[in-house]
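Student: Below, each chain spelled out in residue letters.
2 protein chains.
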Amino acid sequence: MYNAKAYSAAGATSPLSSTSIARRDPTEHDVQIEILFCGVCHSDLHQVRNEWSGVMPTVYPCVPGHEIVGRVTRVGSAVTKFRAGDLAAVGCMVDSDGTCPECKAGLEQFCPNLTLTYNFPDKHTGKVTYGGYSDSIVVDQRFVLRVPSNLDLAGTAPLLCAGITTYSPMRHWGVSKGKKVGVVGLGGLGHMAVKFAHALGAHVVVFSTSPSKKDDALRLGADEVVISRDAGEMSKHAGSFDFILDAVSADHDINAYIGLLRRDGNLTLVGAPEKPLALSAFGLIMGRRSLSGSIIGGIAETQEMLDFCGQHKITSDVEVIPIQKVNEAYDRLLKSDVKYRFSIDMASLKSE
Amino acid sequence: MYNAKAYSAAGATSPLSSTSIARRDPTEHDVQIEILFCGVCHSDLHQVRNEWSGVMPTVYPCVPGHEIVGRVTRVGSAVTKFRAGDLAAVGCMVDSDGTCPECKAGLEQFCPNLTLTYNFPDKHTGKVTYGGYSDSIVVDQRFVLRVPSNLDLAGTAPLLCAGITTYSPMRHWGVSKGKKVGVVGLGGLGHMAVKFAHALGAHVVVFSTSPSKKDDALRLGADEVVISRDAGEMSKHAGSFDFILDAVSADHDINAYIGLLRRDGNLTLVGAPEKPLALSAFGLIMGRRSLSGSIIGGIAETQEMLDFCGQHKITSDVEVIPIQKVNEAYDRLLKSDVKYRFSIDMASLKSE
Chain A
0 MYNAKAYSAA GATSPLSSTS IARRDPTEHD VQIEILFCGV CHSDLHQVRN EWSGVMPTVY
60 PCVPGHEIVG RVTRVGSAVT KFRAGDLAAV GCMVDSDGTC PECKAGLEQF CPNLTLTYNF
120 PDKHTGKVTY GGYSDSIVVD QRFVLRVPSN LDLAGTAPLL CAGITTYSPM RHWGVSKGKK
180 VGVVGLGGLG HMAVKFAHAL GAHVVVFSTS PSKKDDALRL GADEVVISRD AGEMSKHAGS
240 FDFILDAVSA DHDINAYIGL LRRDGNLTLV GAPEKPLALS AFGLIMGRRS LSGSIIGGIA
300 ETQEMLDFCG QHKITSDVEV IPIQKVNEAY DRLLKSDVKY RFSIDMASLK SE
Chain B
0 MYNAKAYSAA GATSPLSSTS IARRDPTEHD VQIEILFCGV CHSDLHQVRN EWSGVMPTVY
60 PCVPGHEIVG RVTRVGSAVT KFRAGDLAAV GCMVDSDGTC PECKAGLEQF CPNLTLTYNF
120 PDKHTGKVTY GGYSDSIVVD QRFVLRVPSN LDLAGTAPLL CAGITTYSPM RHWGVSKGKK
180 VGVVGLGGLG HMAVKFAHAL GAHVVVFSTS PSKKDDALRL GADEVVISRD AGEMSKHAGS
240 FDFILDAVSA DHDINAYIGL LRRDGNLTLV GAPEKPLALS AFGLIMGRRS LSGSIIGGIA
300 ETQEMLDFCG QHKITSDVEV IPIQKVNEAY DRLLKSDVKY RFSIDMASLK SE
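In the order they appear, the protein sequences are chains A and B. Under numbering that gives the first Met the number 0, the first sequence has 150 at position 151, and the numbering climbs by one with no breaks. Under numbering that gives the first Met the number 0, the second sequence has 270 at position 271, and the numbering climbs by one with no breaks.
In case anyone wonders, no lab produced these hints; they're calculated from the structure. Check before you lean on any hint, since a few could be wrong.
In this list, chains with the same sequence are indistinguishable; a pair is considered to hold if it fits within one copy or across any two.
[Said to hold, decoys possible] Mimicking DSS-like on lysine-lysine, the simulated pairs with C-alpha atoms at most 27 Å apart in a straight line are:
1) Lys176 x Lys103
2) Lys235 x Lys103
3) Lys212 x Lys334
4) Lys334 x Lys213
5) Lys235 x Lys349
6) Lys213 x Lys338
7) Lys212 x Lys103
8) Lys122 x Lys213
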């Protein structure tokens, strides 16, 4: 074991602050990574504040962060994919059983024996896993991704969660040239969805409650922006969408969007509103439409997404912050006051 | 034009009674059919009582019936598919534009210029279409189905709506040998779903609120029956279904069934509860599950379904009634007091 610098929360109402955590020395299959940037995901905030106590209670101290980009500092003797000096990335998962049907299908995110990157039982230490708000991390090479050399690293970090979360359902539901794709909610996830749908060749329509987001949506790659409160504008698009990605976690009228799908169209939820959605069966029955959900993506697809980003020069739009500003960033996140993701420059941790 | 005997309702609160209606003489593409049996669908009752006044107000007199089986009596000069004496069937549709993308895809049920079998503007007469509670009907040959010669005709009639409504989504979502399929609601639709899923080679589980239906479910082809009110029994099946067909129109907890789907599993709604369903996004997100709807099927698939029924000797379980008992049958339908579909023997109309 060795000591790593990190930022952790001591309790649900405590701010994140500087601390030291024990990391394992790399075993033969492990990669040790010096973390350069870590994105700030809304999940980090939920977990730190124990807002998921029903399904995933927080163990303190909690070190969040699952949008990790860095440079390899050391590798175990059996590691073949990486060597010291390589760029590397880690997302929401750090281990799985590798033998179940889900793992064999390349869908490790559904493995019943998955290990999440933070606040999850750690079979190596007997404690919990610690995430990317830290100067280093040690991860089995199977869960370490290669990073294209041409991308800005601060903007690459959020690809590991916000990126794959939006890329995966688009690939699964066949977003491609000639398809009409809607994106509901232009935040951390939504702005990535716009970039991917555009790069995949689709006609991209952003739905927004606010006309003020129009210019930004067009800049990100949208072909049209529809003000979702304007029933007349909405009805012009009735029955015309092949796919809609809904990244809104607030309560909203899902039926209004289902009605915009064409026959066999799909709407995928990647945000999970707290309250149940009020769903009219009629909208699904007419047109054989479907409503589904999606969560991150498997390791192979995450690598595919990163390679796609390299080819298309796609990164997240980020506001880079020092780790010392992370509590302030959380407050701003609650007000959606970020375009579109905070990325922590981990060099700032050296001074702690 | 010629006069046909029929049963019609004069208003939303009137019983059905004997009447005479004008039918067109067959044009060159038409098939005239002597109706032998007509199934009683819950939609007939909704339409007769004007319970869909918001979307499809009833025009009186209304002659319902869209599960029609009979014998061809006359054909137009251009008719190639049928000749006098052939068995023939008509379902929920009698015309479509034939040129739109939906028609070209063989999905006439989604054609924007569809003509339904009853209570729909009739381009030939300028009035509305009259359904199968009648001694004859005249339909364009494109919407007339061939009937396998080995099937009981009374039990064949319900295949035209209850049959295709359950067969189509099973084919669309890949029900086949080795798949685990659930059926929610053992009524007119549900009992057909059990027969089809069994014949397609699936492991079939019927969900019922009542243990009294168990023997019947097993007789129809179910491998297991789960009492849906028993949380312990339900949880044993968590994450295990490839496909669930939900034929319940009453308000019910859809999330309990979504949780039983495996990764990429689908639940299709063929009943449309009046109240919106309360849907938890979480159940869809975990496991990339999908929820969809389906309505009848295209003409080619309806023919495929009838041929499949011929091969597998599948018909609906029916209680045959004379037309004079149809009002009583409606009352019993509201109490689910039928196993599993009423089929009207249209010979009874001769005495009117």
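Student: If a hint holds in the structure, say so; if it does not, say that too.
Tutor: Evaluated hints:
1. Lys176 x Lys103: between (30 Å within a copy, 22 Å between copies)
2. Lys235 x Lys103: For Lys235 and Lys103, the Cα distance is within 27 Å only across copies (24 Å; inside one copy 44 Å).
3. Lys212 x Lys334: Classified as within: same-chain Cα gap 15 Å, cross-chain 54 Å, threshold 27 Å.
4. Lys334 x Lys213: within (19 Å within a copy, 54 Å between copies)
5. Lys235 x Lys349: neither (54 Å within a copy, 51 Å between copies)
6. Lys213 x Lys338: within (14 Å within a copy, 57 Å between copies)
7. Lys212 x Lys103: Answer is neither; intra-copy 42 Å and inter-copy 40 Å both fail.
8. Lys122 x Lys213: For Lys122 and Lys213, neither the intra-copy (48 Å) nor the inter-copy (46 Å) Cα distance is at most 27 Å.
Violated hints for the displayed structure, listed by number in ascending order: 5, 7 and 8.
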